[in-house]
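Protein chains: 2
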Amino acid sequence: MSNGKSDDRALYYLDDLQAGQHFTTGSHALDAEQIKAFAAQFDPQPFHLDEEAAKDSLFGGLAASGWHTMGITMKLLVESGARLAGGIIGAGGEVTWPRPTRPGDVLTVESHVVEVTPSKSRPDRGMVLMRNETKNQKGETVQVMTAKLIVPRRPQ
Amino acid sequence: MSNGKSDDRALYYLDDLQAGQHFTTGSHALDAEQIKAFAAQFDPQPFHLDEEAAKDSLFGGLAASGWHTMGITMKLLVESGARLAGGIIGAGGEVTWPRPTRPGDVLTVESHVVEVTPSKSRPDRGMVLMRNETKNQKGETVQVMTAKLIVPRRPQ
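Going line by line, the protein sequences match chains X and U.
Its first residue numbered 806, the first sequence is counted upward by one per residue in the numbering used here.
Its first residue numbered 806, the second sequence is counted upward by one per residue in the numbering used here.
Because the hints were derived from the structure by calculation, they are not lab data.
Among the hints, erroneous ones may be present.
[What the hints assert, rightly or not] With a straight-line Cα cutoff of 25 Å, these simulated BS3-like cross-link-like pairs (lysine-lysine) come out:
no., chain 1, residue 1, chain 2, residue 2
1, U, 953, X, 841
2, X, 860, X, 953
3, X, 841, X, 943
4, U, 841, X, 841
5, X, 953, U, 953
6, U, 841, U, 925
7, X, 925, X, 940
8, X, 860, U, 860
9, X, 953, U, 841
10, X, 925, X, 860
11, U, 953, U, 925
12, U, 943, U, 860
13, U, 953, U, 841
14, U, 940, X, 953
15, U, 940, U, 860
16, X, 841, X, 860
17, U, 940, U, 925
18, U, 953, X, 940
19, X, 953, X, 925
20, U, 841, U, 860
21, X, 940, X, 841
22, U, 860, X, 953
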């Protein structure tokens, strides 16, 4: 299981995954305090720290660090997304932020399996390309993250 | 300036940037407590939370969440990397983690300007492709993040 707690979700090995499968997470409500606390630690720029300073920035108002949106996305995936055998382990990925994440946003992640590729050199595992779209409460996409995940094959 | 404090670094507008320019940040020392605190909030998986559980994982021991390595990278870039006019604002990017980040690692970021592209539709800005390599104290690369940054042109 992915977080050490009891977990009712189905467990997916590489063999259980195929292109087109779809998963949806629970939600996370974001507020200005969380935005500022993350920014103070990991992205201390005025438009993530201070409402007044943010008005004069490209964002036109307080916005979450993109990496904060990513952290929340990861938490949602771990706690309520596809439960992968071995956990969610990424070799890498791509991200875009089509619009800012704002105080008051309620985020949910929709995931799609894009591609499943068994490893040629390592018969016990493979690579899964997963597209994770993070949406706000209006259904607007705030982040698209496509991850290359390492997933074990079902033991024989 | 990027963080609201007085700052001795040169300020770079789009016009001041060109392919091949190189920047190096200060360093950040990582320990097991930081790794677990980040994981508890944003990536609650056993191999980021617990030394014993991590032994049986693909990582073979406690490892930082890749998004924690990213957060530290971002902090280093904001505080001691290239000081960009308008701040470090990313439209998106790509990331890989060639090896895990471990407790005791001391991280530094080396950045290279890959490409500078003035916007055709917005004459006041452009896009900078920046490759950011995060290295540990042995000089081993733990993360490569190539970001598309929005950078303003120098006002006339």
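Against the structure, the hints:
1. 953(U) with 841(X): 23 Å, holds
2. 860(X) with 953(X): Violated: residue 860(X) and residue 953(X) sit about 36 Å apart, past 25 Å.
3. 841(X) with 943(X): Holds. Residue 841(X) to residue 943(X) sits at ~23 Å (cutoff 25 Å).
4. 841(U) with 841(X): Measuring from Cα to Cα gives roughly 21 Å; hence the hint holds.
5. 953(X) with 953(U): Roughly 20 Å separates the two Cα atoms, so the pair holds.
6. 841(U) with 925(U): 45 Å, violated
7. 925(X) with 940(X): Roughly 35 Å separates the two Cα atoms, so the pair is violated.
8. 860(X) with 860(U): With a Cα-Cα distance of about 47 Å, the restraint between residue 860(X) and residue 860(U) is violated, given a limit of 25 Å.
9. 953(X) with 841(U): OK: residue 953(X) and residue 841(U) at ~23 Å, within 25 Å.
10. 925(X) with 860(X): 52 Å, violated
11. 953(U) with 925(U): 16 Å, holds
12. 943(U) with 860(U): 22 Å, holds
13. 953(U) with 841(U): With a Cα-Cα distance of about 30 Å, the restraint between residue 953(U) and residue 841(U) is violated, given a limit of 25 Å.
14. 940(U) with 953(X): 21 Å, holds
15. 940(U) with 860(U): 23 Å, holds
16. 841(X) with 860(X): 15 Å, holds
17. 940(U) with 925(U): Measuring from Cα to Cα gives roughly 35 Å; hence the hint is violated.
18. 953(U) with 940(X): 21 Å, holds
19. 953(X) with 925(X): 16 Å, holds
20. 841(U) with 860(U): Measuring from Cα to Cα gives roughly 15 Å; hence the hint holds.
21. 940(X) with 841(X): 20 Å, holds
22. 860(U) with 953(X): Holds, at about 23 Å.
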